[in-house]
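Number of protein chains: 2
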Amino acid sequence: MQALKDRILKEGRNLGNGILKIDSILNHQLDPQLMVGMGKEMAQHFADIQVDRILTAEISGIAPALMTAIELNVPIVYARKKQPITMRGTIYMEAAPSHTKGGMVELLVSGEFLKAGENVLIVDDFLASGETLQALCRLLQAANANLVGVGIVVEKSFEGGREAIIAAGFDVPIHALATIASMDGDIITLA
Amino acid sequence: MQALKDRILKEGRNLGNGILKIDSILNHQLDPQLMVGMGKEMAQHFADIQVDRILTAEISGIAPALMTAIELNVPIVYARKKQPITMRGTIYMEAAPSHTKGGMVELLVSGEFLKAGENVLIVDDFLASGETLQALCRLLQAANANLVGVGIVVEKSFEGGREAIIAAGFDVPIHALATIASMDGDIITLA
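Heads up: the protein sequence lines correspond to chains A and B, in order. Quick note on numbering that gives the first Met the number 0: the first sequence kicks off at 0 and runs consecutively. Quick note on numbering that gives the first Met the number 0: the second sequence kicks off at 0 and runs consecutively.
What the hints contain is simulated information worked out from the structure, not anything from laboratory work. Worth double-checking, as some hints may not be accurate.
One copy or two, it doesn't matter: identical chains are merged, so the pair holds either way.
Claimed, not checked - Derived lysine to aspartate or glutamate pairs resembling DMTMM-like cross-links, with alpha carbons at most 25 Å apart: (1) K114 to E70; (2) K114 to D183; (3) K39 to E57; (4) K9 to E158.
Since this is a predicted model, take the numbers as computed values, not measurements.
Here chain A stands alone, though its shape is the one from the complex (with noise of 0.2 Å):
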């Protein structure tokens, strides 16, 4: 997605560990145009499969997630990482160990939200390691649905992830709007 890709490296700032700041288009502030051109490029490039629901993970997952729902029409739930006061019943949990704020990230779904046999389409912000991304696919598997795509807005390749959740057994379509090769130093390179 080109204007992604041009705003990644206008903006983008590699801070060392691998982590790329991007706040000022994806984890902070919104830009509207550039969100409806995310939903739309997504929803496109998974037009042919029957897509029934998107699973995302707050915080920053919501608002891809939710465009890509609005060109879809399907409904999206948000995976919360703590239990809200609200959430009653059945409840899915998984957790993956997070590397840039360390320790443990649970991911929690009520099972009112998530249903045996319902095709579901994952949309996050971020493909890195793959950890956080398996365990929304392990979600799935706990709910009985089923995993038919993995939509990312920015892939950090050199991280492995995606080969991480292909070897864990969840080979779906990936697909990333904007892939990053390499960050060495100020130097931000996109595949």
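Assemble chain B onto chain A, guided by the hints.
Showing chain B alone in chain A's frame:
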């Protein structure tokens, strides 16, 4: 907004202590068409006001704020509750007591994305006691930005938040898409 009111009456559950469970439409699962409608009605209500930016708070404010931002074609910034590793430089921080979570909630916005002189519309999911919204208003004061209005998806008018915001000196138009006048056992009454 009739479609929202209908869904609240159909799916909302009073969990006691003023807690309304509407996570099927606002805090966990999102309905794409309902979200588009929220953005349209919010934008329409504030159409005569010059808005340069929308401010919301993670997590559940992001979706309605983004939909409003798309209609008004302005950027959105969402206050973070923990400082992300990518948040650098000047940071505006305010804290508010959380009645649903206990303790204090911190709200952080980077000075990069909140500028002096900007006309800012606050959009959030709930208006209850108004504590979180007042903290968002104070963030704008700290940044010397202009608060031009407050848009809320669901107001619980019986908690007096609207009056508290005005009493705190933030005397701007406040618009709620749905207003709950009372919750008594299984009976939710809209204003």
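Alpha-carbon proximity between K114 and E70, which holds within one copy, between copies, both or neither at 25 Å: So K114 and E70 pass the 25 Å test inside one copy only (21 Å; across, 32 Å).
Homomeric proximity label, K9 with E158: Cα distance no greater than 25 Å: within (22 Å within a copy, 46 Å between copies)
How do K39 and E57 come out at 25 Å by Cα distance, when the copy is not named: within, between, both, or neither? Result: close both inside a copy and across copies, 21 Å intra and 24 Å inter.
Give the relationship of K114 and D183 under a CA distance limit of 25 Å: within one copy only, between copies only, both, or neither. Neither way: K114 and D183 sit 43 Å apart in one copy and 31 Å across, limit 25 Å.
Hint 2 from the list above is the single one not met by this structure.
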